[in-house]
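If you want the building blocks of each chain, they are given just below.
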Amino acid sequence: MVSACQHLPATQRPLNSCAVFIVFFLFSIASVAATSCSSLSGEPVLWVVPSKPGGGYDAYSRLLQPFMEKALNVHIRIENRSAAGGVVGAMAIRDAQADGRTLGIINAPGLLAANMLPNAPAPDPRQDFTILGKVAEQHVVMLTGKHSGISDINSLLAISRTRPILAGIRDAGSSNFITLPITASLLGMDYAVVTGYVGSGARTLAALRGEVDVIFLNMDSARRYIASNELVPLLQITDPPNIGLSDESRSLLTGVPVLSGEQGVARRQIDTTGLTMEDVEAGAVALARIFAAGRLVVAPRNLPDTVSHCIATALEDVMANPEFLQAASKANLGINSENAEGARKLLSLAAAELDKFQPEIRAAIGEARR
Amino acid sequence: MMKVSNRPGAMPGFWRNYWSRNRITIFLGVVTCIFLADSLQLGRASAWVPRLILLTTLSLIVLLLGRELRVQSAGAGVTAIPDTKGILSIVPALGWIGAMLMLVWLLGVSMGLMLFCFGYLRWYANESWSMSGVLAGGLGLFIQGVFGLLFKMPLYQGVLSALT
Amino acid sequence: MDATVVNAALEGLSLVFSWPYFMYTIAGTLLAMLFSAVPGLNSSTLMALAIPLTLTWDPVPLMLVFGAFVGGATFMGSITAILFNIPGKSQNAVTLLDGYPLTQQGMAKTAIGCAAASSALGSTFGIFFLIGLIPFMREAAMLLGPPEYLMLAIWGLTTLAALSGGSMLKGLIVAGLGLQLALIGYDPRTAELRFTFGLDYLHDGLSLVPVFLGVFALAEVIDLMVSRKQTLSGKHHMEELTGSVWEGVQSVFRHFGLFLRSSLIGTVIGAIPGVGSSVAGFVAYGHARQTAGRTSRFGRGDIRGLLAPEAANDAKDGGALIPTLALGIPGGTGTAVLLGALTLHGMSPGREMLTDNLVLVFVLIWSLFLSNWITSLLGLLLVNPMARLSTIRTTRLLPFIIALSVIGCLQFRGLMADVVCAVLFGLLGYLMKRHDWPRIPLAIAIVLAPLFETNLHLTLRLHELERIVFWTRPLVLILIAMTLVNLFLPAISSRLNANRQGQREGSSAGDESE
Chain P
1 MVSACQHLPA TQRPLNSCAV FIVFFLFSIA SVAATSCSSL SGEPVLWVVP SKPGGGYDAY
61 SRLLQPFMEK ALNVHIRIEN RSAAGGVVGA MAIRDAQADG RTLGIINAPG LLAANMLPNA
121 PAPDPRQDFT ILGKVAEQHV VMLTGKHSGI SDINSLLAIS RTRPILAGIR DAGSSNFITL
181 PITASLLGMD YAVVTGYVGS GARTLAALRG EVDVIFLNMD SARRYIASNE LVPLLQITDP
241 PNIGLSDESR SLLTGVPVLS GEQGVARRQI DTTGLTMEDV EAGAVALARI FAAGRLVVAP
301 RNLPDTVSHC IATALEDVMA NPEFLQAASK ANLGINSENA EGARKLLSLA AAELDKFQPE
361 IRAAIGEARR
Chain F
1 MMKVSNRPGA MPGFWRNYWS RNRITIFLGV VTCIFLADSL QLGRASAWVP RLILLTTLSL
61 IVLLLGRELR VQSAGAGVTA IPDTKGILSI VPALGWIGAM LMLVWLLGVS MGLMLFCFGY
121 LRWYANESWS MSGVLAGGLG LFIQGVFGLL FKMPLYQGVL SALT
Chain L
1 MDATVVNAAL EGLSLVFSWP YFMYTIAGTL LAMLFSAVPG LNSSTLMALA IPLTLTWDPV
61 PLMLVFGAFV GGATFMGSIT AILFNIPGKS QNAVTLLDGY PLTQQGMAKT AIGCAAASSA
121 LGSTFGIFFL IGLIPFMREA AMLLGPPEYL MLAIWGLTTL AALSGGSMLK GLIVAGLGLQ
181 LALIGYDPRT AELRFTFGLD YLHDGLSLVP VFLGVFALAE VIDLMVSRKQ TLSGKHHMEE
241 LTGSVWEGVQ SVFRHFGLFL RSSLIGTVIG AIPGVGSSVA GFVAYGHARQ TAGRTSRFGR
301 GDIRGLLAPE AANDAKDGGA LIPTLALGIP GGTGTAVLLG ALTLHGMSPG REMLTDNLVL
361 VFVLIWSLFL SNWITSLLGL LLVNPMARLS TIRTTRLLPF IIALSVIGCL QFRGLMADVV
421 CAVLFGLLGY LMKRHDWPRI PLAIAIVLAP LFETNLHLTL RLHELERIVF WTRPLVLILI
481 AMTLVNLFLP AISSRLNANR QGQREGSSAG DESE
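Protein chains in written order, with the numbering used here: chain P, 1 to 370; chain F, 1 to 164; chain L, 1 to 514.
This is chain P alone, in the form it adopts within the complex (with noise of 0.2 Å):
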């Protein structure tokens, strides 16, 4: 625009003109980067959380809710959406209208897996959502209650050889059909599964009265039945991450072995799975590489690219906030944020590695609906 003024003598050229459209379009660039927010001012947003209140996706969205207010400038009101493992609420936020007033985090190796039926009426992370970014990484623990006489995984393994071993699982969108039948594939432990606990609280509640041998449960929702000693930890599904893991969380997870990796179980057992080395590092990088994929704030999909650009900002901007870190600290939430772009590339390594995975889990699903 300049240049376009620099042509004609300095006492001929329509400064002010020039000026004046200089200014304009300035402020048009800067007045779009505003709008595409004040876009969302007035009416509340809608944040949909796929699963009761008091579980880990309802701990995030509250710890969020505050920062992610100021943030954006707008009033956000919580809706719990539970049913089929956070199906439920997933569809609830790609139905809505892509306008920025609907919001919510998902499982997004929990979806993955329940898109793998055929007729799935499972939202597909990659497509049917706009990423704005991930709040945190799942991870996943194999436990065991207090009273079942099974000690180790070692001695889970020793009652594996006599008769499969029974989880209690959550259901359709459950990442848990991920971890359970690529954990026994790698372990060469046959398994049943039990459907329909809906919470960590009704899977622990069925491992402590004996219902099922073991249950999976993220670190956040383990920690505290850890801590009381009312749950056993048996097996870490993947190393601890580098953060996003609280100090409490840690200290209650030394000494409990990690699935994979030099000093892994899973290559302790190639002898009874026949595995390969390779193998077993394979499915290792597997399961990291699915769970990285974690906790994700999305919203519907074709969200306009203005305002998607600016709640994702905000979101990057509220997870890298000292206050946001000092808040999630205090409720021994671990913190493993990825921005928008580093989300979805995670995303669809996920993906990748979950395809490598498809008849182990599509059986999975398959004999829990039976």
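I should point out that these hints are in silico values taken from the structure, not numbers from a laboratory. Take these hints with a grain of salt, some might be off.
[Unchecked claim] Subject to a maximum C-alpha distance of 20 Å in a straight line, what follows is the list of computed EDC-like cross-link-like pairs (lysine to aspartate or glutamate):
{"no.": "1", "chain 1": "L", "residue 1": "K433", "chain 2": "F", "residue 2": "E68"}
{"no.": "2", "chain 1": "F", "residue 1": "K152", "chain 2": "P", "residue 2": "E43"}
{"no.": "3", "chain 1": "P", "residue 1": "K330", "chain 2": "P", "residue 2": "D247"}
{"no.": "4", "chain 1": "P", "residue 1": "K70", "chain 2": "P", "residue 2": "E43"}
{"no.": "5", "chain 1": "F", "residue 1": "K152", "chain 2": "P", "residue 2": "E79"}
{"no.": "6", "chain 1": "P", "residue 1": "K356", "chain 2": "P", "residue 2": "D124"}
{"no.": "7", "chain 1": "P", "residue 1": "K330", "chain 2": "L", "residue 2": "D356"}
{"no.": "8", "chain 1": "P", "residue 1": "K356", "chain 2": "P", "residue 2": "D279"}
{"no.": "9", "chain 1": "P", "residue 1": "K345", "chain 2": "P", "residue 2": "D128"}
{"no.": "10", "chain 1": "P", "residue 1": "K345", "chain 2": "P", "residue 2": "E316"}
{"no.": "11", "chain 1": "P", "residue 1": "K146", "chain 2": "L", "residue 2": "E139"}
{"no.": "12", "chain 1": "P", "residue 1": "K70", "chain 2": "P", "residue 2": "D317"}
{"no.": "13", "chain 1": "L", "residue 1": "K229", "chain 2": "F", "residue 2": "E127"}
{"no.": "14", "chain 1": "P", "residue 1": "K345", "chain 2": "P", "residue 2": "D124"}
{"no.": "15", "chain 1": "P", "residue 1": "K345", "chain 2": "P", "residue 2": "D355"}
{"no.": "16", "chain 1": "P", "residue 1": "K345", "chain 2": "P", "residue 2": "D305"}
{"no.": "17", "chain 1": "P", "residue 1": "K330", "chain 2": "L", "residue 2": "D58"}
{"no.": "18", "chain 1": "L", "residue 1": "K235", "chain 2": "L", "residue 2": "D223"}
{"no.": "19", "chain 1": "L", "residue 1": "K433", "chain 2": "L", "residue 2": "D302"}
{"no.": "20", "chain 1": "P", "residue 1": "K356", "chain 2": "P", "residue 2": "E278"}
{"no.": "21", "chain 1": "P", "residue 1": "K70", "chain 2": "P", "residue 2": "E316"}
{"no.": "22", "chain 1": "L", "residue 1": "K229", "chain 2": "L", "residue 2": "E240"}
{"no.": "23", "chain 1": "F", "residue 1": "K152", "chain 2": "P", "residue 2": "E69"}
{"no.": "24", "chain 1": "L", "residue 1": "K433", "chain 2": "L", "residue 2": "D223"}
[Unchecked claim] Label-pair restraints from in silico Cβ distances:
{"no.": "25", "chain 1": "L", "residue 1": "V420", "chain 2": "P", "residue 2": "N321", "range": "39 to 47 Å"}
{"no.": "26", "chain 1": "P", "residue 1": "D124", "chain 2": "L", "residue 2": "L377", "range": "53 to 61 Å"}
{"no.": "27", "chain 1": "F", "residue 1": "R70", "chain 2": "L", "residue 2": "F128", "range": "49 to 57 Å"}
{"no.": "28", "chain 1": "F", "residue 1": "R21", "chain 2": "L", "residue 2": "F197", "range": "26 to 34 Å"}
[Unchecked claim] Every beta carbon over 12 Å from chain L, so not counted as near; a handful from chain P, in silico:
{"no.": "29", "residue": "S39"}
{"no.": "30", "residue": "L157"}
{"no.": "31", "residue": "Q269"}
{"no.": "32", "residue": "T273"}
{"no.": "33", "residue": "R301"}
{"no.": "34", "residue": "E316"}
{"no.": "35", "residue": "R344"}
Keep in mind it's a predicted model, so treat the numbers as computed, not measured. We put the CB at the ideal spot given by N, CA and C, even for glycine.
Following the hints, put chains F and L in place on chain P, whose structure we already have.
Relative to the frame of chain P, chains F and L by itself:
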């Protein structure tokens, strides 16, 4: 009273009477059948519990209808007067509720309920203009004050506000 | 009792009554009362709203305020149920069965007095039961599994069907209708859509709030509009109202055995995770009716039909804290939100909380206790103005009742469709009332349906895998027996009565002929 055979349906007006006495039961039976028909397209895992409930309910409905048939047959000679006048008396009430729905949908909860309250008090309850205005205004203030200001809860704004 | 527990209890009590902490409880209670006066809004919504505002608070004020929210919210729903036949929350649906008829008979003061007294005393029972159970909390929370939950749901359904007045068959059919309606939406296991008939609104299923407000509140509104009844009580002046607050309060002590049993029912059911807050009142009402004998006027203004559910509804708050604090497993939605709040503040419910933070636990408990008494006492003080509402012309009251119902529906999800749904259920409720069909089994069935379906699947699966043996569980067998009694006892009793009547008539006819 003329003595008639005990065979169901032998009496004039028998089925009309039966329908009048069992309208709700028959309606519930129809609803259950519609649900049952819809359950045919569900997968096995999703369908068996609903079908169990629906078939049980349908059995109970058939049982009740059968019992009513026996009772009515045994009490042959008693004719029920259809209650059409009573049913029609519901129309004004439904009309006002329908009007309330339209007002709230168009104008939002605050303005819509205020106008409904005013109209109802003035033209249905025959209250004075001032009383109608005061009570309607009080309602509006209560809604805005308590929900809008005190609890800062978003109030439904109505479709017309979305257009402006 | 352990000295540690006693010391923590005393320390908690002193904190609650100290300045300025006392004001947190008062403020929380008043907010909860105002909030929950609107049908459909409850303490869990209020707590959810408060969580982001209280993130930076210290633990003691947090516990005081949240305890006050839980304690302050229950009673107001009873007031609207008694005066206007509007259940403030789903748990108040059973309050109106005998509460509203009392108002219609001009005994609103008695009804409110009874509700206030049984609420305050019931919550006291629940709280002291909770305190006594602290060392045994974990074991108490483990007693029930999927088979027990399943039978509890079935027993609950048959109890209300059997006691719904008139035909038990009609009660069971309506319960079946309620179960059908509760199945609308996504299958909780497979996420397959069921019975939505192409309507997007039904994807999430039918929500309790519009259904309850429609079936009870709007049905009553339509009935009042059609019947053109002058006032709710049939009286035009306060002086014409019969009964008194004191009579209502006394009734709790006159039926003290029933009060104790109902409070125990509420506490125990509140302590069962996942059963839901509505069930306690229904079960207590069913028990009261079963034990009332022939002198009962249940459904027509029997004070016992009000006393029992009110005691149970408030006792359950203490019970619901048992699994929440002992295991970190919420007893219901309200305690689930409370659990979320505690987690965000770095407090871990469970053994850790009961050892390292026992004083805070008692702050929560005492705040709950105090707020229950504050609401009941305020309720008693406001009896006259509230009872006066039953003498006001219905034409002036109806717009406000409709407004409260509409606000309750809209504030739930902000969907106009919820209001339409409420109106449709209002029409259904009116027709049911007019043709003598019971409505309560519909309500309880919708509440119990998720419990029924989930635990049916779990029970069958665990039985198939031989992890449980259904028929050898004592509590299951007891509940089966109670269910069979519910189903067959009314028929057997009426047949026996008919036989006795026939014999008496036969013998008196024989005497006459002689």
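> Looking back at the numbered hints, which does the structure fail to meet, lowest number first?
Replying inline: none
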